[in-house]
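**Student:** Construct the complete structure from the given sequences, taking the supplied hints into account.
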Amino acid sequence: MSEKPKILVYGYGNPGRQDDGLGIELSEKIEEWARQEAKTNITVDGNYQLNIEDASTISEYDIVFFVDASKENIESFFIEEVTPSTKVDFTTHSASPAFVLELCHKIYRKYPNTYLLHIKGYEWEFMKEITGRASDNLEKAFHFLKNKIENIPEK
Amino acid sequence: MGQKITIEPVTRVEGHGKVTIHIDNNGNILQTRLHIVEFRGFERFVQGRPYWEAPVLVQRLCGICPVSHHLAAAKAMDVIVGAGTGDGLTPTGEKMRRLMHYGQMFQSHSLHFFHLASPDLLFGVNADPSIRNVIGVALEHQDLAVQGVMMRKFGQEIIQATAGKKIHGTGAIPGGINKSLTQKEVDTFLKGNDPMNIDKMISWSQDALTFFKDYHSNHKEIIDDFAEFPSNHLSLVRKDGALDLYHGVLRAVDSEGKIILHDVDYQEYYKYIEEEVRSWSYMKFPYLKEFGKDNGWYTVGPLARMNTADFIDTPLAQKEFESFKAYNYGKPSNKSMHMHWARLIEILHSAEKMKELLLDPDIQKGELVIKGNKKSEGVGLIEAPRGTLFHHYKVNSNDQIEMANLIVSTTNNNQPMNNAVNQVAQNVMTGQSIITEGMMNAVEVAIRAYDPCLSCATHALGQMPLEISLYNSNNELIDRKIK
Numbered sequence: 001m002s003e004k005p006k007i008l009v010y011g012y013g014n015p016g017r018q019d020d021g022l023g024i025e026l027s028e029k030i031e032e033w034a035r036q037e038a039k040t041n042i043t044v045d046g047n048y049q050l051n052i053e054d055a056s057t058i059s060e061y062d063i064v065f066f067v068d069a070s071k072e073n074i075e076s077f078f079i080e081e082v083t084p085s086t087k088v089d090f091t092t093h094s095a096s097p098a099f100v101l102e103l104c105h106k107i108y109r110k111y112p113n114t115y116l117l118h119i120k121g122y123e124w125e126f127m128k129e130i131t132g133r134a135s136d137n138l139e140k141a142f143h144f145l146k147n148k149i150e151n152i153p154e155k
Numbered sequence: 156m157g158q159k160i161t162i163e164p165v166t167r168v169e170g171h172g173k174v175t176i177h178i179d180n181n182g183n184i185l186q187t188r189l190h191i192v193e194f195r196g197f198e199r200f201v202q203g204r205p206y207w208e209a210p211v212l213v214q215r216l217c218g219i220c221p222v223s224h225h226l227a228a229a230k231a232m233d234v235i236v237g238a239g240t241g242d243g244l245t246p247t248g249e250k251m252r253r254l255m256h257y258g259q260m261f262q263s264h265s266l267h268f269f270h271l272a273s274p275d276l277l278f279g280v281n282a283d284p285s286i287r288n289v290i291g292v293a294l295e296h297q298d299l300a301v302q303g304v305m306m307r308k309f310g311q312e313i314i315q316a317t318a319g320k321k322i323h324g325t326g327a328i329p330g331g332i333n334k335s336l337t338q339k340e341v342d343t344f345l346k347g348n349d350p351m352n353i354d355k356m357i358s359w360s361q362d363a364l365t366f367f368k369d370y371h372s373n374h375k376e377i378i379d380d381f382a383e384f385p386s387n388h389l390s391l392v393r394k395d396g397a398l399d400l401y402h403g404v405l406r407a408v409d410s411e412g413k414i415i416l417h418d419v420d421y422q423e424y425y426k427y428i429e430e431e432v433r434s435w436s437y438m439k440f441p442y443l444k445e446f447g448k449d450n451g452w453y454t455v456g457p458l459a460r461m462n463t464a465d466f467i468d469t470p471l472a473q474k475e476f477e478s479f480k481a482y483n484y485g486k487p488s489n490k491s492m493h494m495h496w497a498r499l500i501e502i503l504h505s506a507e508k509m510k511e512l513l514l515d516p517d518i519q520k521g522e523l524v525i526k527g528n529k530k531s532e533g534v535g536l537i538e539a540p541r542g543t544l545f546h547h548y549k550v551n552s553n554d555q556i557e558m559a560n561l562i563v564s565t566t567n568n569n570q571p572m573n574n575a576v577n578q579v580a581q582n583v584m585t586g587q588s589i590i591t592e593g594m595m596n597a598v599e600v601a602i603r604a605y606d607p608c609l610s611c612a613t614h615a616l617g618q619m620p621l622e623i624s625l626y627n628s629n630n631e632l633i634d635r636k637i638k
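Sequence order for the protein chains is A and B.
Quick note: the first sequence uses the working numbering, first residue 1, plus one each step.
Quick note: the second sequence uses the working numbering, first residue 156, plus one each step.
Everything labelled a hint here was simulated from the structure, so no lab data went into it.
Cβ coordinates follow ideal geometry from the N, Cα and C atoms, glycine included.
Misleading hints may appear alongside valid ones.
[Stated by the list, open to error] Calculated pairs, DSS-like style, for lysine-lysine (alpha carbon to alpha carbon, straight line, at most 30 Å):
| hint | chain 1 | residue 1 | chain 2 | residue 2 |
| --- | --- | --- | --- | --- |
| 1 | A | Lys-29 | B | Lys-334 |
| 2 | B | Lys-426 | B | Lys-530 |
| 3 | B | Lys-339 | A | Lys-39 |
| 4 | A | Lys-110 | B | Lys-355 |
| 5 | A | Lys-6 | B | Lys-321 |
| 6 | A | Lys-106 | B | Lys-321 |
| 7 | A | Lys-128 | B | Lys-346 |
| 8 | B | Lys-549 | B | Lys-394 |
| 9 | B | Lys-321 | A | Lys-4 |
| 10 | A | Lys-140 | B | Lys-346 |
| 11 | A | Lys-29 | B | Lys-321 |
| 12 | B | Lys-526 | B | Lys-510 |
| 13 | B | Lys-426 | B | Lys-394 |
| 14 | B | Lys-474 | A | Lys-87 |
| 15 | A | Lys-6 | B | Lys-346 |
| 16 | B | Lys-320 | A | Lys-148 |
| 17 | A | Lys-106 | B | Lys-355 |
| 18 | A | Lys-110 | B | Lys-320 |
| 19 | B | Lys-549 | A | Lys-39 |
| 20 | A | Lys-29 | B | Lys-320 |
| 21 | B | Lys-474 | B | Lys-355 |
| 22 | B | Lys-320 | B | Lys-355 |
| 23 | B | Lys-490 | B | Lys-448 |
| 24 | B | Lys-490 | B | Lys-413 |
| 25 | B | Lys-320 | A | Lys-71 |
| 26 | A | Lys-110 | B | Lys-490 |
| 27 | B | Lys-444 | B | Lys-490 |
| 28 | B | Lys-346 | A | Lys-106 |
| 29 | A | Lys-4 | A | Lys-148 |
[Stated by the list, open to error] To give a feel for the contact side, a few chain A residues facing chain B, derived at Cβ under 7 Å:
| hint | residue |
| --- | --- |
| 30 | Gly-16 |
| 31 | Ile-52 |
| 32 | Glu-53 |
| 33 | Ala-55 |
| 34 | Ser-56 |
| 35 | Ser-59 |
| 36 | Asp-62 |
| 37 | Ile-63 |
| 38 | Thr-86 |
| 39 | Leu-103 |
| 40 | Lys-106 |
**Tutor:** Here you go:
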């Protein structure tokens, strides 16, 4: 008998720094949508940064969507499949999705299908509100992710 | 011709560490500097905001130690609402805040030890960086890697339960706290399924100390001789001299253990501490006024706390503290790598304290807030994972913040980090004209012993890389490495 895959949407960034809050904002929108649509296979989480404990968190899911704000030269948003990596930062202060995925495999022997959704941001000052242009990007990314999740086949 | 070596990053963030090293024609080190681009715009940003917003607003500063800023700001606001200076809250208010703080200390120190220190210790500082990380640990010592992940997770869950949520927690408010714990929440931490319960966390904390001490006994040259230099040490201590990470009086000792700042009230910290500006660094250099810029600088953090405190009020950590003190003949340790040892003692202490608080009925009671006669100025100090954190605010008659001054732990450690880099450079880079992986690692290890929060100091977003540059005496760049 088929069953729905367990999906985690994990936004990260600092919502007190304008567009750095895009990841958290998108994950909250997905949470609300999943609640309204009674999609019980979707879980939403978030934090300022990714870190090693997230290896434990993602090990419990079949599919993971990390969501982050981006300063890169992209259109409104961009999604990529995450390739595991052992590259570690200089400090303990953040970990990349690739690093978290690799650590998950090394400790828990699991490789959830993992994606990173980048949403284009523009301003990063000490303000809570996301800028207008970034909000437009957020809406586009939200619709994209909803569609992507709805088209995921059952296991 | 002299030369200059730099270690610097190129990323999307404004926060980074940069090391520059100048050498002469013979390869002798002329000068080393650790530059951190400190951004102090936050103090201006909070001006005009209502004072009660501060404990939440300050979490915008840093996504790495938001709990420390949250609590330091709340402590300052306690003074402003007339609730006293940290020990005037209701029992529930103070104990819930302490539980939040020990959760933060536990998860932050655990992350540092398992993620950064243990790979260096297990594989050596010269090992290939692709294995000298927690993934390498997971491959060869899976039990250690699992412990690191789960200890970090346990601390994060304590924070979430006490602060209300992981991001922009609202638990601490001026004059107290906005929630207590339910019996169900308490039981989750006391009796959770293995390994997520406090007894396992205490046991693993002891295991980590055993691991470190075993390593130390076989590698004394690394732990005892690497980046050792005399320093003053500063921290809060409880009024009776006990280690206290949440509240107390300010004490400093010199490198021999003589008390040079005698348990003063931190509300008047500005009478004792000055911040020096140097032209080459945005980050200030704090020092004890009485001893001047050259002799008054000090170290903060886990090692400083072991050096200033007279004892620890939890039995298992006290036993470890006694071993630590005995090893150093009762004198302060000025060995940078003993920072790891001190950090592990604090992990154990934090775990013991969490258990003590979880068993205390006060954390389930309903008296959360206290207020008194309002004041226009307040200072909040806390021992954050990386060291003493100062928050100082003045409020006008419209309840708006009109002045804020923050001295973060990493700023307090500015001079000792510079000294550590200098000493390592003298040892590993003298006579060199290129930066090898081993040199880069040695500089990194020296800086990372202090676990600097470049995000706090620079208010950066995301990654915080390190760059080392080597310059000749004509100020020409001859080599650069970035990590």
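**Student:** Checked against the structure, which of the hints given earlier come out wrong?
**Tutor:** Hints 7, 10, 14, 19, 26, 35, 36, 37 are the ones this structure does not satisfy, whereas the remaining hints hold.
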